[in-house]
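Could you build the full structure based on these sequences and the hints that come with them?
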Amino acid sequence: MNQPASAYFIEERHDPNETHTLAVLVQNEPGVLARVIGLFSGRGYNIESLTVSETEAQKHLSRITIVTTGTPMVIEQIKHQLDRMIPVYQVVDMTLSKRSIERELAMVKVRGQGEHRVEALRLADAFRARVIDATTESFVFEITGNTDKINQFIDLMRPLGLVEVSRTGVAAIGRGPEGM
Amino acid sequence: MSDKSHDPNQMTGAAMIVRALIDHGVTDIFGYPGGAVLPIYDEIFQQSEVQHILVRHEQGAGHAAEGYARSTGKPGVALVTSGPGATNMVTPLTDALMDSIPLVCISGQVPTHLIGNDAFQECDTVGITRPCTKHNWLVRDVNDLAKVLHEAFYVATTGRPGPVLVDVPKDVQFATGTYHPPRKSDVHRSYAPRVKGDATQIRKAVSLLANAKRPVIYSGGGVINSGPEATKLLRELVEVTGFPITSTLMGLGAYPASGKNWLGMLGMHGTYEANMTMHDCDVMLCVGARFDDRITGRVDAFSPNSKKIHIDIDPSSINKNIRVDVPIIGDCANILGDILQVFKAEAKKPDIKSWWQQIAQWRARNSLYYKKSNDIILPQHAIQSLFEATRGRDTYITTEVGQHQMWAAQFYGFEEPHRWMTSGGLGTMGYGLPAAIGVQVAHPDSLVIDIAGDASVQMTMQEMSTAVQYELPIKIFILNNQYMGMVRQWQQLLHGNRLSHSYSEALPDFVKLAEAYGGVGLQVTKPADLEGAIKEMISVKRPVLFDCRVAALENCFPMIPSGKAHNEMLLPEQANDEATAKAFAGGKALV
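Residue numbers (this note's numbering), protein chains in the order written: chain A, 2 to 181; chain B, 532 to 1122.
Think of the hints as simulated: they come from the structure by calculation, not from any bench. Predicted, not measured: the structure shown is a model, and the values here were computed from it. Each hint should be verified, as a subset may be incorrect.
What the hints assert, rightly or not - 27 Å max Cα-Cα, derived BS3-like pairs, lysine-lysine:
hint, chain 1, residue 1, chain 2, residue 2
1, A, K80, B, K838
2, A, K60, B, K715
3, B, K1057, B, K1072
4, B, K839, A, K80
What the hints assert, rightly or not - Now the stretches of chain B that chain A is said to cover, found in silico as 3 or more residues with beta-carbon under 8 Å:
hint, segment
5, 661-672
6, 716-730
7, 849-856
Ideal placement from N, C-alpha and C gives every residue a C-beta, glycine not left out.
Written as structure tokens, this is what we have:
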């Protein structure tokens, strides 16, 4: 196929995409999250999920967990690009280590009556979701688990009167006694 | 009065800024005053250790600081006001980021209590400059200022150098706090660039080099950034191994153009021999370069049969565009030193005689050939004449961006590093004139020439006024073809010769323009007058605009058409209509 006229080589590579979870330890200072997010938007990387909170207040350390997709070459770039930012201490590819636990928390609001309401409660029980708010015509469930489990639960709630969902995004930690 | 009033480290934020500049050995800064930096300008007025060069537009300050930095190896410093002062710095900051130039920009900001209120001359400077700096800071407390300033210099100059910006609100400039001289703890603990290369990787590299049959060294701007030691070691490595060497645009001068192993520049407008050597090599040693798209051409056909060794201080440069076999992360000088040591101890010069014979055949194609004329000045000839006239002199060359830049890279032979200042990564038209000002400030007695184009030079022409004010005798050597030559070349090759807005309509009379600024204007139209005019330009000890009228429609060859590989170059003698049409198949009707 002929290339269109351009000063650039514009044929793209089509390697298969992978999903990776990255844990990024950063100095908690103004603008640090903007730097990380700006890197992703500026370089055209994907963010599937982003979780951030201060984890060690005394040392002003925050932990950012990012789920991203890309070709293996792009994932490698993302890690290097993050790692060279001044306030970034460490970047760990939780997916590559294969020894990590990933969890997400979701709050799921369901509205309904009669049989739907009973069924929602029964499913919630099966998924070990807790009821954290209830009215005569609604429930708010709290559920934790990996992303697949939460997706599955939400799908099941849909026909039973799903109103809205709030999710935290993925948090991840390595198994075993070692820290990152 | 408290004891604090006698503490010499108690001072205003504005005084801290000047003090920090002095503590970091800064002697010259480039800037433009405005409301939000007046306290700093007041401090500058009351001292004589730091000389301030007043530019005519903040972009000029940034490029001048870049020229200063690149020609000295020291950081360049720019001082600008809030709002438009800061936004005008975006281009030079981005330019410095792309070309890894250490630049420290200090910008004024509206007082902290007004930040976010859309105050007069307010903009989100740290937000705007975040993606175009290596790091930036907004200082809200005067007691953080010393630490941040010291860290800024450290970050700009270590690791892969780059631009940084410190945004200082006006109330912080007025406030009094405690200054401290630079100390280690000023720097983020998370910032620790790697300098030393991995020993196992170095051994792997040496083993590849020692067994190479068709090797090439491909060096880049990183060698120059690393400092004189890296240049020395690179030259020694070439000597010890006998390998051919080519370089990127940014790396010119690290290996001398007169050296016998020199292949010329590689890439889109590189020499045939450099690109063919890259394509056919079996071992490639990349030192401080980053496999940019102007270098590689078609990535899936880039040097398909070689093992690649890549030395870079920035891990994110590794495997970004091209997969390499032996990455070595660290400072070039350090790693080249280690490679040399291991090579000398354990290997001997590989026999690559047949490889050199092959290269000689490629060289014989004479890919930089052009047809001279007695009637009209060819731009290539103009650069060659300039080179001959300045050979052996203490000369620095800057450029703008376009055809003239490529011709300068092809035809001006650089013997030493830090002598060639050009906008490589960002391709900033208007870079060369202010950069020349920065170079001349750093080297007052040297000959500083901006090889320019008639279009580029108009982008920052106002800095002629700066040159005149500070008696900086820069020479602006304009290859005037009355076109945006490179734009026109692409339109001819790729857009059916529809020359949309690439003709320089209504050009000023450059001679009169020079005179209007208080400089000297020269014009030459005939090849026979060229040599004499260049001599005159050099002998004038004032800023000169040299209007060199050249062949209007000359194009820049050789050339790798986009989407093609290194071995599919278009050579000048082949660049007739038919061959060009074929090379650019996919482009429409051609010249």
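The hints, checked one at a time:
| no. | hint | verdict |
| --- | --- | --- |
| 1 | A:K80 to B:K838 | holds, 24 Å |
| 2 | A:K60 to B:K715 | holds, 18 Å |
| 3 | B:K1057 to B:K1072 | holds, 24 Å |
| 4 | B:K839 to A:K80 | holds, 22 Å |
| 5 | 661-672 | holds (count 5) |
| 6 | 716-730 | holds (count 4) |
| 7 | 849-856 | holds (count 4) |
Checked against the numbered hints given earlier, this structure breaks none of them.
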